[in-house]
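J.: Each protein sequence line maps, in turn, to chains A and B.
Just so you know, we're using full-length UniProt numbering here: the first sequence kicks off at 1 and counts up by one.
Just so you know, we're using full-length UniProt numbering here: the second sequence kicks off at 1 and counts up by one.
Simulated from the structure, these hints should not be mistaken for lab results.
Possibly wrong hints are sitting among the right ones.
As the list claims (entries may be wrong) - Listed below are several chain B residues computed to face chain A (Cβ distance under 10 Å; list not exhaustive):
id, residue
1, Gly-28
2, Phe-34
3, Arg-46
4, Gly-52
5, Trp-53
6, Gln-54
7, Trp-136
8, Ile-139
9, Ala-141
10, Ile-142
11, Phe-179
12, Asp-181
13, Glu-185
14, Ile-193
15, Tyr-194
16, Gln-217
C-beta atoms are modelled at their ideal positions from N, C-alpha and C, and glycine is treated no differently.
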Amino acid sequence: MKMYLAVLRLRLNMGMQYRAAALAGVATQFFWGFIIIMVFEAFYEHAAMTPPISIKELIQYIWLQQAFLVFVMMWFRDNELFDLITSGNIAYELCRPSGLYGFWYAKLLAQRLSSALLRCFPILIVAFLLPKPYKLEPPPSIWAFLLFLSSLLLGLLLLVAISMFLYISVFITLSPMGSLLVFGVLSEFFAGLVIPVPLMPVWLQKIAYVLPFRWTADFPFRVYSGHIPESEAVFGIFIQLAFLTVLVLLGRAALNGVLKKVVVQGG
Amino acid sequence: MSLYFKYLLIHFKSQMQYRTSFWLLSIGQFFIPFSIFAGLYFLFERFGQIKGWQFFEVALCFAIIHMAFSLSECFARGFDMFSGLVVKGEFDRFLVRPRSTFVQVLGSKFEFTRVGRLLQSLIVLVWALSNLSIEWSAIKAITLVLMIVSGVFIFTGIYMLAAAMCFWTVQGLEVASIFTDGGREMAQYPLNIYQKWVARFFTYVIPFGTVNYLPLQYILGKANGNELIHMLTPVLGSLFIFPCFLVWQFGVRHYRSTGS
Chain A
1 MKMYLAVLRL RLNMGMQYRA AALAGVATQF FWGFIIIMVF EAFYEHAAMT
51 PPISIKELIQ YIWLQQAFLV FVMMWFRDNE LFDLITSGNI AYELCRPSGL
101 YGFWYAKLLA QRLSSALLRC FPILIVAFLL PKPYKLEPPP SIWAFLLFLS
151 SLLLGLLLLV AISMFLYISV FITLSPMGSL LVFGVLSEFF AGLVIPVPLM
201 PVWLQKIAYV LPFRWTADFP FRVYSGHIPE SEAVFGIFIQ LAFLTVLVLL
251 GRAALNGVLK KVVVQGG
Chain B
1 MSLYFKYLLI HFKSQMQYRT SFWLLSIGQF FIPFSIFAGL YFLFERFGQI
51 KGWQFFEVAL CFAIIHMAFS LSECFARGFD MFSGLVVKGE FDRFLVRPRS
101 TFVQVLGSKF EFTRVGRLLQ SLIVLVWALS NLSIEWSAIK AITLVLMIVS
151 GVFIFTGIYM LAAAMCFWTV QGLEVASIFT DGGREMAQYP LNIYQKWVAR
201 FFTYVIPFGT VNYLPLQYIL GKANGNELIH MLTPVLGSLF IFPCFLVWQF
251 GVRHYRSTGS
């Protein structure tokens with residue numbers, strides 16, 4: 001456990017080095033946030049029926065999404081790991097006296113965490129200070145906020161568990177592009193990055209609710225805005241925990257499976 | 001010009017050496033905008049319209065801007081990837097050759113896999129056009145083509161500006177993606193759904209409005225006022241590339257090699 005924490009800390013420090021890049025990213029995300037909000041405003045203006053999520057809740061959803069974008073994006077990846085697998089340097093990793101799954105998990109977790117820590121605060125603070133319709137409101141109660149925090153953290157753990165499958169699949173395909181694409185498009189769509197889950201048609205929502213992707217980001221954001229009431233949120237956290245356990249166990253088994261078959265050629 | 005086509009041919013041949021990878025990437029490029037378009041479709045299914053614009057009208061807008069984007073990404077990729085040339089000092093080699101730097105950088109890279117994205121927007125275009133009742137005339141058809149061409153010019157211009165910035169900053173700037181990726185995302189809806197200041201900025205500073213809004217009004221028969229002006233706006237928008245070209249020339253003159 002201590003070793004994983006050390007990996008985590010090391011990676012966090014590394015990620016913090018790229019502050020200028022993070023700032024540029026923040027500017028980009030602001031622009032995106034504004035554009036998306038304006039599009040939804042225009043849609044809502046003449047809506048025939050009352051939409052299932054109010055514009056106020058939606059705006060909070062979008063700002064949180066922009067602030068914690070690295071918690072949703074599959075594209076945010078570690079090319080080093082891909083190189084390790086395709087170039088055969090994986091042999092060095094196997095020599096380490098630690099489980100590969102836990103080691104990589106800690107690495108990936110730290111990467112996302114450091115990037116999010118750098119980016120989320122500027123976005124959140126400025127979004128709080130914006131004038132009225134665009135403002136990020138505080139959550140309805142302290143309980144909702146605590147539930148949001150815990151579900152966000154669990155969502156992050158869940159996302160890293162999902163992304164582990166991406167790296168495992170590269171052992172079989174040897175080219176990251178294909179798996180990245182399938183994982184990227186599917187997971188981002190079903191996590192509500194293209195359109196928020198409540199605005200999807202009902203049949204699509206049913207699919208999204210079965211898949212693990214929406215629990216990573218859609219669920220915590222809706223807990224924050226109060227769109228999901230607190231009693232339901234507690235129940236949801238248990239579902240997150242269940243998904244997490246199943247995915248970690250599956251991932252560990254799958255990784256051990258492909259590692260048995262791995263052939264490292266000299267060179 | 002013949003040099004440019006020679007570059008084109010060589011890059012095409014070299015990318016065709018990895019045929020499977022090429023097709024897979026192209027299919028991937030097909031599906032990324034596909035999911036965005038699916039999102040657009042679902043939103044219209046729920047809301048019906050956006051500030052008086054119907055689904056197929058916005059789909060037309062979407063198709064045009066994505067076509068322009070994929071074309072410029074395919075052919076102006078050299079400028080998009082330019083920071084790599086400066087960092088490695090490879091740009092020095094371009095300077096000693098007796099040809100313009102513009103053609104050489106343009107020819108330094110092509111991304112033919114964008115054909116997938118192009119195909120996707122082409123399908124949307126055909127679908128949208130077959131569902132819209134437009135009284136076609138030769139002039140309207142020309143306007144449609146002009147819109148796409150002008151879009152390509154604007155995106156290329158932004159790539160050039162971003163590339164010219166590298167002469168001073170060396171590293172590529174992520175901020176430029178606000179205007180390329182962000183511009184694409186924004187311009188897939190007609191400009192008048194946005195707040196006034198956004199619409200103004202993207203009409204007079206970076207003229208996306210001349211690609212997707214003003215001529216679109218004309219094609220759909222929504223224009224009030226002089227139709228000729230609406231029709232010619234894409235031409236005016238294309239002029240955007242000239243200041244970009246000047247900035248580029250200015251940047252080249254101030255280039256200092258990294259020496260590596």
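J.: Each hint needs a verdict: does it hold in this structure or not?
T.: Tested hints:
no., hint, in the structure
1, Gly-28, "holds (4 Å)"
2, Phe-34, "holds (8 Å)"
3, Arg-46, "holds (6 Å)"
4, Gly-52, "holds (8 Å)"
5, Trp-53, "holds (9 Å)"
6, Gln-54, "violated (12 Å)"
7, Trp-136, "violated (29 Å)"
8, Ile-139, "violated (30 Å)"
9, Ala-141, "violated (29 Å)"
10, Ile-142, "violated (30 Å)"
11, Phe-179, "holds (9 Å)"
12, Asp-181, "holds (8 Å)"
13, Glu-185, "holds (6 Å)"
14, Ile-193, "holds (4 Å)"
15, Tyr-194, "holds (5 Å)"
16, Gln-217, "violated (16 Å)"
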